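Please construct the entire structure, taking both the sequences and the accompanying hints into account.
Residue numbers for the sequence shown follow this note's numbering, so the first one is 1 and each next one is one higher.
Think of the hints as simulated: they come from the structure by calculation, not from any bench.
Computed Cβ-Cβ distance ranges for the label pairs, DEER-style: (1) D102 <-> D80: 13 to 21 Å; (2) D80 <-> L4: 18 to 26 Å; (3) L4 <-> A95: 18 to 26 Å; (4) G13 <-> T79: 18 to 26 Å.
All figures in this text were calculated on a predicted structure; none of them were measured in a lab. All C-beta atoms, glycine included, are put in the ideal place defined by N, C-alpha and C.
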Amino acid sequence: MIALDPNGDMGVGMSTNRLSFKISGPVSDSAVIENGAYVDNEGDGACATGNGDIMRRFVPSYHVVQLMRQGESPSDACTDVIQRIAKYYPDFDGAVLALSKDG
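Structure below.
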């Protein structure tokens with residue numbers, strides 16, 4: 001979830017899906033900033049869901065915000081990141097959400 005308050009401050013939150021067959025050992029992507037969630041309070045925010053063992057390799061939330069900083073719309077930035085993941089993992093099942101400072 002991504003929230004923008006009346007003062008223009010942004011926050012993002014998410015949770016782990018507790019994947020049954022998760023690779024033992026690594027910390028969840030939910031706990032790693034830039035993977036599951038990322039906010040630049042001067043600009044934009046994003047959060048992601050899916051297989052954390054795959055997503056950890058692509059830092060999707062951070063990547064989306066960087067693309068938005070370069071002028072891409074939230075929708076286009078999310079699509080670009082999902083396509084990048086799908087290029088290497090065609091059966092990937094996940095999503096990325098984004099919100100611009102403009103709402």
